[in-house]
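Colleague: Each protein sequence line maps, in turn, to chains A and B.
When we follow the numbering used here, the leftmost residue of the first sequence carries the number 1, and every step to the right adds one.
When we follow the numbering used here, the leftmost residue of the second sequence carries the number 1, and every step to the right adds one.
A couple of the hints might just be wrong.
[Unchecked claim] Far from chain B, by Cβ distances over 12 Å, these chain A residues were calculated:
# : residue
1 : 62
2 : 157
3 : 167
4 : 184
5 : 225
6 : 423
7 : 508
[Said to hold, decoys possible] Pair ranges (Cβ atoms, derived):
#  : chain 1 : residue 1 : chain 2 : residue 2 : range
8  : A       : 7         : B       : 366       : 21 to 27 Å
9  : B       : 804       : A       : 129       : 35 to 41 Å
10 : B       : 616       : A       : 1         : 48 to 54 Å
11 : B       : 48        : A       : 143       : 44 to 50 Å
12 : A       : 399       : B       : 609       : 31 to 37 Å
13 : B       : 620       : A       : 1         : 53 to 59 Å
Bear in mind the hints are in silico, worked out from the structure with no lab data behind them.
Since this is a predicted model, take the numbers as computed values, not measurements.
Using N, Cα and C, we set each Cβ at its ideal position, and we do this for glycine too.
What follows is each chain in one-letter form.
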Amino acid sequence: MEPANGLKLDYNHALTIKEFPYIIRWREDRCKRCGQCTAVCPNGAIKPTVKYMRVIESGGDTPKPKPVRRIIHVIEQVNNIENYCTGCAVCALVCPNNAIEPEYNPQNKFLFYKNLGGEGYKRGGRRNDPGVSTLDRIKFTRISMLTDPALDAGRHEFRVRSYIGRILPPEELPLKVEDGRLVVDKTRGKFIPPVREIFPIMIGSMSIGALSPYMWEGLAMGVAYLNEVEGIPVVMCSGEGGFPPRLLKSRYVKYFILQIASGYFGWDSIIHTLPYMTEDPAAIEIKYGQGAKPGDGGLLMAPKVIKLIAEIRGVPMYVDLPSPPTHQTKYSIEEAVMKMIQSMSMAFGFRVPVYPKISGTRTSKAVLNNLARNPYAAALCIDGEDGGTGAAYNVSLDKMGHPIASNIRECYLDLVKQGKQNELPLIAAGGIGKKGNLAANTAALIMLGASAVAIGKYIMQATADCLGDEWNRCNLCNTGKCPRGITTQDPKLYRRLNPDKIAERVVEIFKAADVELRKIFAPMGRSTELPIGMSDGLSIDDKAMAERLEISYAC
Amino acid sequence: MPAKKTQKETLKTALHESLISFDDAVVWKDEKSVLIYGNLKGKRVPSRILEEFIQESVRKGARDIQIIADGQHGIGGRIYPQGETVRFTIEGPVGQRCGSMGMFGTEILVKGGVSDDVGWLNCGAKITVLGDVTNGAWNAAAQGILYVQGSGGARCDTMTKHNPRFDPPQSWYFRDVGDSFAEFKAGGIAVICGINPRNRRSVLGYRPCVGMVGGIIYFRGKIDGYSERDVKLLDISEQDWQWLSLNLETFLKAIDRMDYYHELTKNPIEWHKLVPYTPQERRQKRWFKISMEDFRKNYWEENVGKGGIFAEYLDHELTVIPYIVTGEYRRFKPVWANEKYAPPCAYSCPTHIPTHKRTALIRLGKIKEAIELVLEYSPLPATVCGMICPNLCMQACTRGRIDEPISVKELGKVTAQLPPPKKAKPTGNKVAVIGAGPAGMSVAWQLSLKGHDVTIYEATDKIGGKIELCIPEHRLNKEILHLEIERFKEVVPDIRLNTKVTVEMFEKIYKENAFVVIAVGAHKPRKIPFPGSEHTISAYEFLRAINEGKSFDLKDKKVVIIGAGNVGMDAAVEAFLLGATSVTAVDIQKPAAFGAELNYAKQKGVEIIWPKFTEKYVPEEKKIYFKDGTNFDADFVIMAIGDMPDLDFIPPQIHTEKGWVVINEFFQTSNPKVFAIGDVTALGLVTHAIGHGRLLAEYLHGELMHAPITRDLRQRIPYEKIKLDYYERCRATSSLEQEAERCLSCGSCRDCHMCEITCYWGAIKRIEKPDGRYEYVVDENKCIACGFCVGICPCGVWEMVENI
């Protein structure tokens with residue numbers, strides 16, 4: 001409808017600022033109008049503008065009003081849902097006068113309008129749920145007080161190590177004694193699956209493309225340092241976005257897990273490089289699902305497909321790169337397991353462990369049982385709902401998926417029933433270290449039955465201060481406008497990162513986690529092998545959770 | 001004997017089962033010497049009893065105590081300093097914690113090995129062991145000396161302290177020590193001589209010094225690692241060596257191994273020391289064995305290639321940049337986009353008259369130039385802008401969002417007396433224009449000013465078309481119109497009045513001219529053929545008749561007008577002026593009338609009713625009937641539903657659709673030499689007709705001169721770019737100068753220096769060019785792309801663009 005005759009519309013259909021998730025608090029008295037905040041704002045959420053102040057002055061001894069016009073220049077929040085303030089607080093970071101910062105607005109009605117244009121709200125990050133996760137509620141309650149040899153985490157040596165790979169039970173190992181030594185009896189022709197010894201926390205799959213080159217290289221370099229200098233065998237999964245040939249040909253490739261997913265990006269390059277490789281990778285991960293967004297595929301937007309990404313992924317520049325939610329030629333567990341595990345094992349001469357990664361689901365036991373029967377299946381990675389992603393529909397992030405704790409627990413107990421709990425490692429992911437408790441969450445999952453855990457979002461937050469959180473702060477990963485330079489292909493943004501510092505943080509994080517894991521395992525009297533499935537050491541303060549996880553209830 | 005001895009002559013101490021007599025166990029050799037048996041007739045004296053006997057002996061004056069031990073705990077400790085030395089000589093199997101909590105003045109000589117924790121929590125005793133010490137020796141010792149003739153077990157020297165009130169504790173081991181040596185050592189000096197070590201791989205055992213924070217360890221011989229995060233391995237210094245060689249002698253004498261003195265002191269190079277990092281050093285180290293930079297250069301890039309794993313794909317320098325950047329590192333950059341957008345006035349005006357430029361000239365004091373500028377756009381500014389135009393420019397004017405639009409009427413009116421602009425040199429090109437209405441006048445005016453030879457053919461005897469014929473005098477001052485027509489005639493002299501073009505004539509004109517422009521307007525009134533429509537009059541006929549001086553007797557009559565557009569309103573006003581008592585305008589839809597016509601008609605009292613579909617007019621009844629069953633009294637009915645062109649003269653090759661000439665975006669008909677503008681293409685305002693004429697003239701000029709055709713394709717500036725807050729409301733203005741100040745200069749720099757002064761970084765400069773023009777430029781090396789210039793520019797000139 002048209003405006004009433006002679007009238008111009010003003011605030012019709014404009015949102016109030018209270019609809020927005022973050023409200024900019026700007027202090028005129030402190031601002032010197034240097035514009036650093038507006039220069040760095042990643043979403044154009046603040047802008048300089050002009051305001052007119054009308055002041056009535058009255059001098060002298062009697063009322064003598066005199067209107068005074070005062071024009072001031074201000075920083076104003078943009079009232080436009082596209083340019084919403086994400087709360088990243090980079091403005092506050094750069095403001096020399098502490099004159100500006102975003103404030104979370106719990107009353108916001110953001111989701112009611114973040115579907116303008118008929119497109120569902122897409123973002124990066126992970127589930128927006130600031131509550132306390134199950135993992136964070138688990139306590140370690142079995143303390144060795146005089147009843148067992150008390151261990152000192154700082155003094156005693158620990159083996160905080162785990163395995164990826166199918167572990168044959170002793171009776172199935174084709175061993176014989178020769179000259180008083182155990183050797184493999186090759187005459188029996190039995191296949192010994194490849195196994196890698198790893199640190200039980202690995203860096204989960206984050207692709208080149210999702211991450212900026214500086215970020216990815218920083219992580220990779222940190223992993224290499226941990227292995228080569230510190231002797232901590234941390235491995236890192238490539239994610240689905242190809243793998244740099246330089247790294248593939250180097251000896252460091254043995255610290256990396258190559259991922260293959262539904263988009264198969266970069267695999268032709270990897271295959272071309274195979275003959276030039278001097279080392280095998282740590283493992284191959286076949287991605288079927290992602291905990292953060294089950295059933296939602298990936299899409300690398302054309303503007304992010306710069307030369308680097310195009311060449312590594314083996315595609316033309318500036319085209320959209322979709323990774324569908326499903327593999328296009330695999331429609332059943334049998335097909336998926338048989339075909340993919342066989343092919344990928346064969347690619348590396350059956351010398352490399354190959355395992356699938358699925359999103360947490362109530363049907364994960366079905367997958368597990370299928371893998372348990374497959375001699376080439378090296379592990380099962382289950383990614384829970386609190387995992388992160390670079391781009392997904394908000395609805396997939398917030399509402400789809402299964403929490404990791406009970407999922408890993410039921411899988412482990414299922415293996416126990418089959419007597420195979422030490423044969424097929426379970427890798428847990430999704431929300432580990434969500435509140436910063438990396439070692440505690442890891443230890444809880446290990447004692448529930450995981451052999452190892454994978455972390456993604458945590459490593460970004462802890463190495464590069466990724467600004468995202470469960471209050472939907474920042475979470476701009478999908479836009480390529482990451483103000484930290486983590487998830488962007490814009491050199492002007494990612495060059496804000498120093499790969500050396502990222503690598504240093506990786507080293508610090510894993511060294512600290514190593515110490516902290518000992519600080520948990522030592523008082524529980526474990527120092528030689530990981531207490532996988534040692535659920536008698538765990539308690540939780542919720543009866544229902546205790547029952548579901550089959551651990552004790554303590555309050 | 002000391003005086004205290006009299007307190008208890010004989011002491012009989014009770015044990016659980018039996019009594020052991022002090023006198024049985026303690027044999028005095030002389031006043032100061034006793035021999036204490038730890039086993040009496042095959043029966044072991046409990047540790048508690050032995051301790052009591054020892055304390056009693058000391059109280060009784062014993063200073064030289066020989067003990068035949070039988071595994072008793074803690075022998076020799078806790079002897080209060082007596083002002084003289086109390087010596088213990090212990091033989092036999094010694095229990096745990098021999099000499100524990102020993103104090104200054106106590107000297108213990110063990111003639112063999114001792115069990116665990118010898119010298120535990122020692123506070124000053126000197127303990128010499130002529131054998132091995134087992135695990136935990138010297139644990140938590142704080143003062144005193146331990147000499148060991150043999151080796152130490154595991155965890156020796158752990159938790160030792162140094163209280164600054166006393167000398168540091170010393171522990172000397174002749175051979176080697178076991179694993180986990182000196183854990184959490186916080187003070188004291190340990191010396192391991194490394195003679196004939198049991199563990200040949202390491203005289204300090206496995207993983208010594210974990211958690212060591214104080215003290216010093218001198219050792220001689222091989223070691224196999226130590227806690228590198230806690231301590232550092234150093235060569236010994238001159239002072240160390242002096243201290244060692246001096247004290248070694250005392251030690252070796254004490255353990256009766258002086259014969260090794262030479263071997264131990266022959267080569268200081270054999271000796272090393274372990275000292276803990278200071279807290280300051282610990283903080284600095286951060287525990288990186290190699291700096292990450294070194295790792296990257298010497299390991300990573302060594303293996304993956306120079307520049308890292310992505311270097312081959314990255315075309316930028318592999319460096320880090322800050323958050324606040326200038327120059328090429330900025331993501332965006334500001335651009336002084338002066339005149340990039342069309343101001344709303346010029347954009348909305350079909351003739352694109354740049355009002356903002358005229359106000360800018362006035363602000364510069366160039367009033368004459370400002371007034372004259374309009375003649376480049378229109379031959380009839382005083383008539384159209386000043387009187388009859390609804391002024392679409394003013395409707396769009398941004399100033400209207402503050403108070404009132406810039407008054408273009410005034411700017412138009414003052415142009416009536418202007419002389420014609422100078423014509424360009426004749427080009428010899430001939431163009432025919434059919435119709436001397438506003439469209440024809442406009443194109444002829446423009447082409448003539450550009451030097452082309454224009455002939456106008458006009459069917460009537462007047463120039464001006466509908467302006468002259470149909471616009472009532474209540475809206476138009478004819479004097480002004482005629483002034484402008486005179487001026488027009490000076491520019492376009494060849495106007496052939498009373499020349500109705502026929503088919504044959506068109507043929508001739510077509511041949512004689514480079515282009516033919518059809519601008520005959522629409523002069524054939526449309527009528528709805530309802531019963532009785534033959535008794536109605538069209539608005540065109542009605543108004544034209546009045547303008548030609550005829551009159552109608554409408555006194556006390558009721559008039560109904562079918563069609564409530566602006567022409568209908570003009571007719572309504574005229575009807576009132578002719579004495580009608582009431583005028584009712586009906587329409588089938590929301591009436592299209594607006595602006596001055598509507599306002600004037602409303603003032604006069606016209607009643608507008610819609611929707612009304614006319615069914616019939618019955619002149620006998622003087623009633624008009626509508627399809628909804630209603631009727632009005634109607635003495636006089638005017639049909640004002642628009643006019644159609646009269647196109648009898650055009651050849652069939654020129655396509656028409658529903659009576660209108662079909663044109664493309666350049667006003668070209670299906671015959672490329674023939675163009676059509678104004679109402680002949682579709683009904684519009686006078687200003688539309690003038691706009692058509694100007695745009696067509698530009699096109700034809702380009703064609704005739706083989707010059708590039710420039711069209712103004714600029715977008716209208718978004719209103720939000722204009723900063724209204726700078727301006728105060730002021731409705732009443734009286735002069736052109738004041739009016740010019742009110743203009744917001746949308747999208748056009750008003751040279752106020754606001755950007756230059758606002759820029760915190762001093763990145764904006766105003767540069768004057770040799771031709772007198774100016775521009776504002778950005779110093780790329782100062783600008784951080786904060787957007788202040790964009791946000792505060794009063795005129796919306798600055799724009800932020802991606803910095804590629």
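Colleague: Next, verify each hint and record whether it holds.
Modeller: The hints, checked one at a time:
1. 62: holds, 26 Å
2. 157: violated, 8 Å
3. 167: Holds: least Cβ distance 30 Å, greater than 12 Å.
4. 184: holds, 31 Å
5. 225: Per Cβ check, residue 225 of chain A is inside 12 Å of chain B; nearest 5 Å; violated.
6. 423: Since the minimum Cβ distance to chain B is about 34 Å, residue 423 of chain A lies beyond 12 Å and the statement holds.
7. 508: violated, 8 Å
8. A:7 - B:366: 21 to 27 Å: violated, 37 Å
9. B:804 - A:129: 35 to 41 Å: holds, 40 Å
10. B:616 - A:1: 48 to 54 Å: Given a distance of about 35 Å, which is not inside 48 to 54 Å, the answer is violated.
11. B:48 - A:143: 44 to 50 Å: Roughly 34 Å apart at Cβ, these two residues miss the hinted range, so it is violated.
12. A:399 - B:609: 31 to 37 Å: Since residue 399 of chain A and residue 609 of chain B have Cβ atoms about 58 Å apart, the given range 31 to 37 Å is violated.
13. B:620 - A:1: 53 to 59 Å: Between residue 620 of chain B and residue 1 of chain A, where Cβ atoms are some 44 Å apart, the hint is violated.
Against the hints set out earlier in the document, violations occur for numbers 2, 5, 7, 8, 10, 11, 12, 13.
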